[in-house]
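S.K.: Residues per chain, in single letters:
Number of protein chains: 2
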Amino acid sequence: MKKHNFSAGPAILPASVLKEAGRAAANYQGMGLSLLELSHRGPEFTAIIEEANALMREIIGLPEEYHVLWLTGGASTQFYMVPFNVLNEDETAAYIETGVWANKAIKEARYFGNVEILASSKEENYTYIPKKFRVPKNTRYLHITSNNTIYGTQLHKFPKSPVPLVCDMSSDFLSRPFDPAPFGIIYAGAQKNLGPAGATVVIVRDDMLGTVRRHLPSMLDYRTFVKENSLYNTPPVFPIYVSMLTLRWIKKSGGLKGMQRRNRAKGSILYQEIDRNPLFRGTVAKEDRSLMNVCFVMEDAYAGLEKDFLKETEVNGMVGLKGHRSVGGFRASTYNALPKASVQALVDLMQDFARRKG
Amino acid sequence: MKKHNFSAGPAILPASVLKEAGRAAANYQGMGLSLLELSHRGPEFTAIIEEANALMREIIGLPEEYHVLWLTGGASTQFYMVPFNVLNEDETAAYIETGVWANKAIKEARYFGNVEILASSKEENYTYIPKKFRVPKNTRYLHITSNNTIYGTQLHKFPKSPVPLVCDMSSDFLSRPFDPAPFGIIYAGAQKNLGPAGATVVIVRDDMLGTVRRHLPSMLDYRTFVKENSLYNTPPVFPIYVSMLTLRWIKKSGGLKGMQRRNRAKGSILYQEIDRNPLFRGTVAKEDRSLMNVCFVMEDAYAGLEKDFLKETEVNGMVGLKGHRSVGGFRASTYNALPKASVQALVDLMQDFARRKG
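Heads up: the protein sequence lines correspond to chains B and L, in order.
Per the working numbering: the first sequence = residues 9 to 366.
Per the working numbering: the second sequence = residues 9 to 366.
Bound conformation, chain B alone:
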């Protein structure tokens, strides 16, 4: 029986993608070879990475001055690679601190130049997105985290900024349409909406490159990946292939508008239930609620029932619903590939549980 997978990441991928990935790992397109044993310079993988790049450009609507790069090392690698590539020691970068990941990005950047934290919700355990700040014109970039996986907050509007936005989009990448124009760099670990762990996408605009004075090792220089079309050395072949399959699925499913419709529909029924059900409550400011990670806890009067409820989700074929330790309670990650039926199953259980235990 297929499980309802609410994991925060690595996360659910479309069922059709997983099926095709399994076939490719055993025997790629019936050619008598697994994709895992094919050269990254051969015609098969060349076609895969070219299709992945073309689909990414088409789905987002990327203008020519943006490059799509395939790296490894996750967002954690981008935390230092971004300032290493674009921030000189005498320059200042602006950061908005909306969670632990933003905090790590700030820590890594401090070693490369000046960092100014324009706003932070740390004092409130990151339960809202700070919106009152002005971005100084003389900063190199403004770094934001579009979705905060741990807390379940999301930027529903990107801040106005006189300087390029740099965005960690790891956990809501490709979940909704957006205008790329304000962004200088977008990065995302694949393992939420895009593919399995092991690939990292960086989308970088031409004007962000070649402005730092420090020496960059080849593998840390975005320009190496631009110049060599992400094939300077052996890339993570299989994670890129599965990402390409997911991009095909996104396109076929209505593109980013289709994803947004799906995600809004799921978020709507789940948040409605959280607000309606006397046993549960949400943990973050309503206006900042994430459509990717829905965090909720039991009302104080029922707090003793958290374990029971978690147990019942497991018995009913739902996995990954335990909340992160820094928030507690429950977290339902409702990434692109999660079917509405999974959310409905969770809502049904919440209602049933409330009838029995409320």
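Take the hints with a grain of salt, since some may be wrong.
No copy labels: a pair is met if it fits in one copy or bridges any two.
No more than 30 angstroms apart at the CA atoms, straight line, and that leaves these computed lysine-lysine pairs for DSSO-like [said to hold, decoys possible]:
(1) K27 <-> K11
(2) K330 <-> K235
(3) K330 <-> K10
(4) K165 <-> K315
Derived by calculation from the structure, the hints in this document are not laboratory data.
With chain B held as given, fit chain L onto it using these hints.
M.R.: Chain L in isolation, oriented as in the chain B frame:
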């Protein structure tokens, strides 16, 4: 029909491993979830990475002071990460230049400290392994490349050194037993003998860590991976899983001694044929011939037949035999997983071809 896969990398993996990898990508152990959508912090992946580490330690025979780390970014990332982690600006590292990859390692290291090239076979297009050099006592480490994929040379004896060896073992990792004692750091991209592209193994000894004065970003600091058991951030789950399956296969197949027996048997019949067959000749010094990448060309008198022979290998279900552009001719990569029967098929074709065209 299963092909004879002579690719240089990503390369052939054991058939049983590929089959199990395909199943895991579709549905991991019948649990109703793909391994690609499972959390890296869950019990399933924890068991996988722990087994991978234990098998690696057992198969090589690693003493306690060595750490097994799983990274990404390939050997090309280690070219700068090694000196970044262990070489101070006022220190000198010694390098042996045995090919293009060694050359790249040298180039990247120069930015972190002093580099002394003790020996090089560049002038002879890297057709032999230089052996006459003395390693100065006051160097931080001696960097070697144990096997040179492009040229088909291999170090059959590691040099005596008063300082720790740092070794790029990417293309002959786990192909033969070796004594780890002289090594401070061993690194290897997975995509030859170990697994699919996307994982990089670093084996580092305690005394190599914590001696540099420069700041290291978290993701570039080996100590982060030591401390967090390679789980500081999301690792490349699937490539590590497939590597674990390959490690199981190596253990079951007689460990490193078993691999060496297999590889010697394959090398022996292929090199014998190259030396015997009047149409072909090897390209490197006999004493340095690699048991992983067997490079050969057609004798000058038959050079016009190279394309014909390559065509015939393809018709006969053999892939990946075209030589690297910097050597020409043919390269048969005979990694651990390549069956002896594949080598025999190639030898049979060489004999048949010589009878017809010689």
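S.K.: Against this structure, judge whether each hint is valid.
M.R.: Tested hints:
1. K27 <-> K11: Classified as both; 15 angstroms inside a copy, 23 angstroms across copies.
2. K330 <-> K235: between (43 angstroms within a copy, 25 angstroms between copies)
3. K330 <-> K10: The answer is within: 19 angstroms in one copy meets 30 angstroms, while 44 angstroms across copies does not.
4. K165 <-> K315: neither (36 angstroms within a copy, 59 angstroms between copies)
In this structure, the one hint that does not hold is number 4.
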